[in-house]
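Keeping the supplied structure of chain W fixed, place chain V upon it in accordance with the hints.
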Amino acid sequence: MRGKPATRTLLYGLAGIVALALLWEGYKAIGPEAGFSLGQVPLLPRTSDLAMPHVWTMAERLFLPATALPGSPALWVPVLEAARFSLRIAAAGWVLGVLLSALLALVMLRFRLARAAILPWVVLSQTVPLIAIAPLVRRWGAQIQLGEFSWENWMSVAVIATYLAFFPVTVGTLRGLSSPQQSHLDLMRSFGAGWWRTLVSLRLPASVPFVLPALRLAAASAVIGTVVAEVSIGLRGGIGRLIVEYASATGGDPGKPWAPIFGAVAVGLVAAGVVALIGRLLMRFRRGEDSP
Amino acid sequence: MIDASEAVRARNLTRVFSDESGGEVVALGGVDFVLAPGEFVSLIGPSGCGKSTLMRLIADLDEPSGGSLTVFGKSASEARLAGDYGIAFQQAGLLPWRTVRANVELPLEIHGVDRASRRERVAELIEMIGLSEFADHFPDQLSGGMQQRVAIARSLSEQPRLLLMDEPFGALDEMTRERMQNELARIRRETGAAVVFVTHSIPEAVFLSDRVVVMSQRPGRIIDELRIDLGPGADGAGEIREDGAFFRALTAVRESFHGSPNAHSPGSE
Numbered sequence: 008m009r010g011k012p013a014t015r016t017l018l019y020g021l022a023g024i025v026a027l028a029l030l031w032e033g034y035k036a037i038g039p040e041a042g043f044s045l046g047q048v049p050l051l052p053r054t055s056d057l058a059m060p061h062v063w064t065m066a067e068r069l070f071l072p073a074t075a076l077p078g079s080p081a082l083w084v085p086v087l088e089a090a091r092f093s094l095r096i097a098a099a100g101w102v103l104g105v106l107l108s109a110l111l112a113l114v115m116l117r118f119r120l121a122r123a124a125i126l127p128w129v130v131l132s133q134t135v136p137l138i139a140i141a142p143l144v145r146r147w148g149a150q151i152q153l154g155e156f157s158w159e160n161w162m163s164v165a166v167i168a169t170y171l172a173f174f175p176v177t178v179g180t181l182r183g184l185s186s187p188q189q190s191h192l193d194l195m196r197s198f199g200a201g202w203w204r205t206l207v208s209l210r211l212p213a214s215v216p217f218v219l220p221a222l223r224l225a226a227a228s229a230v231i232g233t234v235v236a237e238v239s240i241g242l243r244g245g246i247g248r249l250i251v252e253y254a255s256a257t258g259g260d261p262g263k264p265w266a267p268i269f270g271a272v273a274v275g276l277v278a279a280g281v282v283a284l285i286g287r288l289l290m291r292f293r294r295g296e297d298s299p
Numbered sequence: 134m135i136d137a138s139e140a141v142r143a144r145n146l147t148r149v150f151s152d153e154s155g156g157e158v159v160a161l162g163g164v165d166f167v168l169a170p171g172e173f174v175s176l177i178g179p180s181g182c183g184k185s186t187l188m189r190l191i192a193d194l195d196e197p198s199g200g201s202l203t204v205f206g207k208s209a210s211e212a213r214l215a216g217d218y219g220i221a222f223q224q225a226g227l228l229p230w231r232t233v234r235a236n237v238e239l240p241l242e243i244h245g246v247d248r249a250s251r252r253e254r255v256a257e258l259i260e261m262i263g264l265s266e267f268a269d270h271f272p273d274q275l276s277g278g279m280q281q282r283v284a285i286a287r288s289l290s291e292q293p294r295l296l297l298m299d300e301p302f303g304a305l306d307e308m309t310r311e312r313m314q315n316e317l318a319r320i321r322r323e324t325g326a327a328v329v330f331v332t333h334s335i336p337e338a339v340f341l342s343d344r345v346v347v348m349s350q351r352p353g354r355i356i357d358e359l360r361i362d363l364g365p366g367a368d369g370a371g372e373i374r375e376d377g378a379f380f381r382a383l384t385a386v387r388e389s390f391h392g393s394p395n396a397h398s399p400g401s402e
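Protein chains in written order, with this note's numbering: chain W, 8 to 299; chain V, 134 to 402.
So here's chain V without its partners, still in its complex pose:
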């Protein structure tokens, strides 16, 4: 039974890549995953655990080898063509020949939104990320953090109910990163969008999420899910990072990680 009240529903989702020598690499080995509307879920796990693969499947940038997947009750490809989700990657991926304004405008342009509404919406978004003075600058005139803010504004341009983010702050320095996390928490409160957030960082996941999904090394599987409740007053402000509840949640996720069967493998957190 397909339930349109779910943002994402994946059942026994698998993705198998074949490598050059004809062998098979199981990137995703049967994942069940449900995302409620407005929920913020982080996917966390060591490199190669298939968290990006899962996100790419939801985005219809890749096709599953098996299992079922619906996004807002539709197939992933229908959801993509309908502009149901916004996406941001580790690389801001701005088009260098377009100004900040024109970059944010691009998805609207492609979907044939008329010029006047485009203008209005873009001005609003650029205001929200606090880059109004830079609207007519080109990406090479911006810092990495500013570029990433533009990328986030772009992902929000069509007011999507779902945001897909693949390590969007991975390339930023720690200071900028924390500021961006605060900003994302605020934006998410303002838009009420559901978020799938792929990250390597446990504190980042705990700080932002309603739920943290821990995945295992290849073949990628979900080994644990932790609900994060930072208590009342947890409105995404920076002080939460110093709160006791934050540290308890952090510890819980860490333990979940190290309690995994792959904990002894080198390189895991």
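Here chain W stands alone, though its shape is the one from the complex:
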């Protein structure tokens, strides 16, 4: 896939969106209006305009006023505002998660004992459901008061984004840092390089192909964590809150609840884009990724 023109990538992306829209409209056209259930088990979703509004209804809704109040801006304006709000929290969570992961991975690399002690907890941490820890984080945060600094709710959300983001990066970084072959390690030793020097000249550059996919995964997790935590903590201003708010509008306005979902997609795309950009900058360390 080397040297694939960017326009082609873009076209494939657009084709994917079109295919999804066609699938949606196709099912809506042929599926049963009231859905289909076998006994109590619903097998096919309903296709009514309420449950599955037309793609164009959803798109059109973005450009109509958000509320019935006079002077209300188009719906995309508050959605974009909320997307920016959530993106910033997700970014904060992501950065914090990446820093924490780097630290954990380094400690585990340096100390065999730490690896045995920490790694199981890292894995275990991901089995605790988000819904369970969100209120806890909020409660703990509320007790923090250091002089001028007081804990705010958005920080709780960022911490939860961190919690979801750090796992793939910790595992990926540890694998990447451990990836150099023995012969390369021998070589560094023969040059008289110490642990830090070997880290900087060999382990860090070698870890890039492992860390990049982890960063992408972490970006997606941070966005999901942010949206879900906004809901469970009850933080206003972000996409999560907007999804809940607009969901109640379904009745007479079936297009509206989809707007913040598009907003969440946009946040995810921007996050993925930023990671792709980082990958671009680190291109030199990815040599051979494509070679046979």
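Hint data in this document are derived by calculation from the structure and do not stem from the laboratory.
Every clue listed holds true.
Here are some, though not all, of the chain V residues that point toward chain W, as calculated from beta-carbon distances under 7 Å: (1) A192; (2) R213; (3) I220; (4) F222; (5) P229; (6) W230; (7) D273.
All C-beta atoms in this analysis are idealised placements derived from N, C-alpha and C, irrespective of residue type, glycine included.
Same frame as chain W, but now just chain V:
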């Protein structure tokens, strides 16, 4: 008495590995080995005879279980930290994200040599291996032979008085291999470094060496040493391979091999 005029001196050197079941594997069973400055010695023997182990001990990449070892009169670890030797393995082991130039430069960088002298030295080395046009290429843009040449240039970057080479041409095809051997003979003449050269190939050992050390299957021991004298005019040019003296030396090493107590074991040369 430690004699600093010797490049390497090993006395009764042993290396015992313990395997998973708690048993012991004697990789090196008491080896006496002396390398004079500027001397080219090949270690030759079947797989598992401990020739690589001996080289790794000299390089301080591994620690002996017993015996004594000095490199230029110092401990192996002092010699390593002082950059007294250069090393090359079967795998070129170039860092894929560094250009040819930056790969050759790495040992100098680690030892804190200033940028200007680094530049100069690296340009010289790349010239010597004949890859000046490729200085800014990355390893994945080079053939296996070219990569190995870069690895050799890298091992020479600190002008070491000792070169350690573990089957450096083992992964190359026969044609490239012979060319690389000629090149190594020339480089060695130019630098005057002592060389410990680990190989499987008898002709390679005979062609390059002043002395061939034959080792036995586990526990690794030195069973024979043959001085190779290809006579005057033996300046490492390719024609030597067709010389009568070359064939006589070849035969001598072969006989030494097959005369060994382990000659009947399957898989030996």
